[in-house]
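> Residue-level listing of the chains:
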Amino acid sequence: MYDIIVVGGGHAGCEASYASAYKGHKTLLITSNLKNIADMPCNPHIGGSAKGIVVREIDALGGIMGKIADKTHLQIKMLNSAKGPAVQALRAQGDKVTYPKEMLNTLNSLENLEIKEGMVEDLIVENNEVHGIILEDGTKIESKKVILTTGTYLKADILVGSTRTRQGPHGEKPSNHLSDKLKDYGFRIIRLKTGTPQRIDKKSIDFSKTRVEPGDDKLLTFSFDLEPQYKIEDQIPCHLTYTTEETHRIIRENLNKSSMYGALDDVEGIGPRYCPSIEDKVTRFKDKERHQLFIEPESRYYDDMYLQGFSTSMPPEVQEQMVHSLPGFENAKILKYGYAIEYDAIYPTQLNATLETKILKNLYTAGQINGTSGYEEAACQGLMAGINASLSLEGKEPLVLKRNEAYIGVLIDDLITKGIRDPYRLLSSRAEFRLLLRSDNADLRLRKHGYEVGLINNEQLERLEEKEQEIIKLREFMQENKIKMTEEVKSIFESENIQIPTATMSIEDLVKRPEISMKFINKIVDIPFKEEIQEQVEINLKYEGYIKKAYKEAEKMLKLEKKQIPEDIDYDDVKNIASEARQKLKEVRPKTIAQAIRISGVNPSDISLLSVYLKKEYNK
Amino acid sequence: MNDTIAAISTSQGVGAIAIVRVSGPEAIEIVNKIFKGKDLSQVESHTINYGKIIDKRGNMIDEVLVTIMKAPKTFTKEDIVEINTHGGIAPTNKVLEELLINGCRLAEPGEFTKRAFLNGRIDLIEAESIMDMINAKTQAQREMAANGINGKVSDLINKLRDDMIQIISNINVNIDYPEYDDVDIITNDIMIPKIVNLKEKVKKILDESKNGLIIKEGIKTSIIGRPNVGKSSLLNALLQEDKAIVTDIAGTTRDIVEGQISINGIILNMIDTAGIRETEDKIEAIGVEKSLKTMEESDLVLFVLNNNEELTEDVEKLLNKLENRNYIIIINKIDLDNKLDLSKVNINKDNIVKMSIVNNQGIDELKEKIINMFNLSQIETKDPTYLSNTRSISILQKCLNSIEEVEKGLNNNMPIDMIELDIRNIWEQLGEINGSTYEEELLDEMFSRFCLGK
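Line order of the protein sequences matches chains W and S.
Residue numbers for the first sequence follow the numbering used here, beginning at 1 and rising by one.
Residue numbers for the second sequence follow the numbering used here, beginning at 1001 and rising by one.
Please keep in mind that the hints were generated in silico from the structure rather than gathered at the bench.
Any given hint could be a false lead.
[Said to hold, decoys possible] Quick list of simulated restraints, FRET-style, between CB atoms:
#1 Asn-1411/S to Glu-496/W: 55 to 63 Å
#2 Leu-1292/S to Ala-82/W: 34 to 42 Å
#3 Glu-515/W to Leu-1292/S: 53 to 61 Å
#4 Asp-526/W to Ile-1190/S: 50 to 58 Å
#5 Lys-1073/S to Lys-562/W: 35 to 43 Å
#6 Glu-394/W to Asp-1162/S: 46 to 54 Å
#7 Lys-1354/S to Thr-502/W: 48 to 56 Å
#8 Val-1196/S to Lys-575/W: 26 to 34 Å
#9 Arg-284/W to Asp-1162/S: 18 to 26 Å
#10 Glu-515/W to Ile-1185/S: 38 to 46 Å
[Stated by the list, open to error] Covered stretches of chain S, going by a simulated chain W footprint (3 or more residues, C-beta under 8 Å):
#11 1311-1325
#12 1412-1419
Heads up, the beta-carbon is just placed ideally off N, CA and C, and yes, glycines get one too.
Sequences are here, hints too, so could you generate the full structure?
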């Protein structure tokens, strides 16, 4: 008898089993193929806009994705560094060989974790409660909790041109029955689709016709606990190329051969709007002369180059023509063709905020099975499912992150409240409080939660508290220390073309000015604090007005979050709300008025009516 | 909203007819019980039926026309019955009483409109406009309210919000796809003209709306001046009535009521008429503090001077405080010798009207000046589509302030993603005007000021 069984060894499964086992629960990670633990079947990078912040949040809470990435990546950079602090995010080029290896090492080091191969085809269910799993050979394994992180493996079909083959990524065996069983238990199952581009032999690409995209020349880490594990000069660059008119002509002329454009007439899956295939891009944006393509290395240990932005389901012979039409790819050798993959997922409004399903108790789901796309989205759900399944075993309150606390909170709230149409990708613009949810302050926001749930140790907490103290001290330092406008100081202002203040000013007041940075102040006086401390104080000073506004908005939301909707509410009894709103409310069953407002299809007038009803019936 | 409500919908008092309105699931059934004529449960929707209202002993209360309107194509989206009675307080009240005896509940203030809103028949602006329509006194007021009811004002707000969504989504693409140079980079320089354009639009609506408020609520007008310069005579001349006795003997103008004057359909609300009398009473100096306070409260100051008197220090002080307000200087008694010298005071010469009020000279010129000052002729002729209540105007004013802050942020080179947050807030605030954004306190506040009946 296990405490927790995690089904699937992808990014969600790894975080879930790590959290569960680290917290001392007897955990079984069961995967269809041990070789595919923490596999990166699609793009080879970790992080990116918004996602990079999620990796930091995972690390702040005590998850492992950030640390494994720090130890293995090929290059790392800060995106949006020229924009505001709220949208900056780290992006690393992962190594598809060493990342899974490092992950497996970490998991193997956990004494409470057992890892097994096996294909799960059913669950042990009694009275709408899950008590374990059933393998394809009928073996039953019992557990108190089950976390499903099956990725794209539920009834997976690989689509290339006019062929449909029932198999998972890398030609793996998919799970053919589990989604039907879930349907039998009452789940609404949807079909989604995603795709991946070709892999090209590095030796066959003429990089002189492409642009180099190096890593940053500043050392960076996802993790708050690790020193940089790499040398700047050892980073491997990416390259950039563009589609040509010829590429577009080939695509247009062969469009009917693409699985998605008529070659297959039974494609139901909805693909990600945010990651369209090249066929989609060419047909939807007709006047665009060219599309950007990134050439990304997959590993230090082999020559496959990933062609990001060229995902397709054209037949191989057309893919050959398409690839050869790209600058630098005239003689390119395709190692693997691009394909689309169609799979089953459960509609995520069937989940609670803990990621436990509303339909079956003790069953949690995380990752692509919940309709998301992306490694980071999967990993953070896995972590939260692992934490909450554990907390439930311990008889403790669950950890539900709010929209003003973490991107993870935004993601889960979006999933369970708004549902999805296509694979969900996290975006900065989805976070209305993104000014509070920055990459630089993920530890300040979340480490204490990590400590409370038992994934952050005392030493890590002390480090955080020290950082908090340092921030206060620096602020005092800046208030107390003033800069006199001596001739020498004036000349420094002049050299940077910054207007010279008329009087002596405190450092704090100086930094409040939009044109004066902490970096500039350091040219005048040496600030005796670490760079990350200076960064915190600078952001808080410079954007004080905006940050205050964000807090005010957050308070407004929290006030509405306090307006709870009773669990037993009968929406048929609420008169006159629009039928679409009624149906959505019944489906989502929001816990609070704030959540109800966020449901698409529920309008302000419906909320008014709901409020009137609550006042009348429950005196809320 | 399961019950059936009833109220007298026409204003209380003696009229040719009065209407008692009933709304709710049992409206037809209840009226049918007290109606002698056709079986109302069998008649077609939207028909008028002749008959009698009787009490339980069968005595006739009134001879009536009953309009049957079945849900959902009614004002409240519920079954509505309207009973046209012969006006007169007693029979109408009796009809209402019979309805209450037979199962109706007396409607709360604004409850019909509240139901219309809650049942999704009208949006917030329309609900407010209906209240305005009921209270309309002039044609201009009625037209403005009608535009609100038709949703024109909502459209205007929605258009603004659409403009903003464009800007927001442009910025979002930039934020979400930092690695792609396929998308146009939105810089602060690109944003500034867009924001200025938005600001101008909001400003225009706001300016016109303030005029709209004038149409609705009238121009608060005060008459300021030393004792015996002719303030009461001016008030009377404007009122075109001789209710007030105009004399040089102090204390004879006590009975004047606060007056309303209509110019081109626009109402001037005369304020502090008692004050006019008070200072007329005392032959001594003008009350400077009090006059200043009155000026503060006024939309328009009519400052009366005596052509035959020299300027006193107090008056000079007050005249110098007129800058930045709407004012007209009236030089009265031009039939007498000129002793007044205005060369030392800082006033706009265009705002001077010379009058001899006792000889009825200069009144038309004064009215014309007022009309021009408030663009009243313009208001009258063009399509009055703007916000006309204080709540909406104050939200819009807040939006304008926020837009100005955005502009400042752009000029200070604040990151575009922070600017986007501000723009999104403005977008949400705008939604509060027509109820596209949920605002909790709004409902209660709105309906508390609705009158009974409609």
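> Next step is simple, just say for each hint if it's right about the structure.
Results of checking the hints against the structure:
1. Asn-1411/S to Glu-496/W: 55 to 63 Å: 20 Å, violated
2. Leu-1292/S to Ala-82/W: 34 to 42 Å: 54 Å, violated
3. Glu-515/W to Leu-1292/S: 53 to 61 Å: 44 Å, violated
4. Asp-526/W to Ile-1190/S: 50 to 58 Å: At roughly 39 Å between Cβ atoms, Ile-1190/S and Asp-526/W fall outside 50 to 58 Å, so the hint is violated.
5. Lys-1073/S to Lys-562/W: 35 to 43 Å: 40 Å, holds
6. Glu-394/W to Asp-1162/S: 46 to 54 Å: Once the Cβ atoms are compared, 51 Å apart, the range 46 to 54 Å for Asp-1162/S and Glu-394/W holds.
7. Lys-1354/S to Thr-502/W: 48 to 56 Å: 52 Å, holds
8. Val-1196/S to Lys-575/W: 26 to 34 Å: Cβ of Val-1196/S to Cβ of Lys-575/W: about 46 Å, so the range 26 to 34 Å is violated.
9. Arg-284/W to Asp-1162/S: 18 to 26 Å: 22 Å, holds
10. Glu-515/W to Ile-1185/S: 38 to 46 Å: Check failed, 21 Å falls outside 38 to 46 Å.
11. 1311-1325: Since three or more residues must qualify, the claim that chain W covers the stretch 1311-1325 of chain S is violated, with 0 doing so at under 8 Å.
12. 1412-1419: With 7 residues in contact (Cβ-Cβ under 8 Å with chain W), the coverage given for the stretch 1412-1419 of chain S holds.
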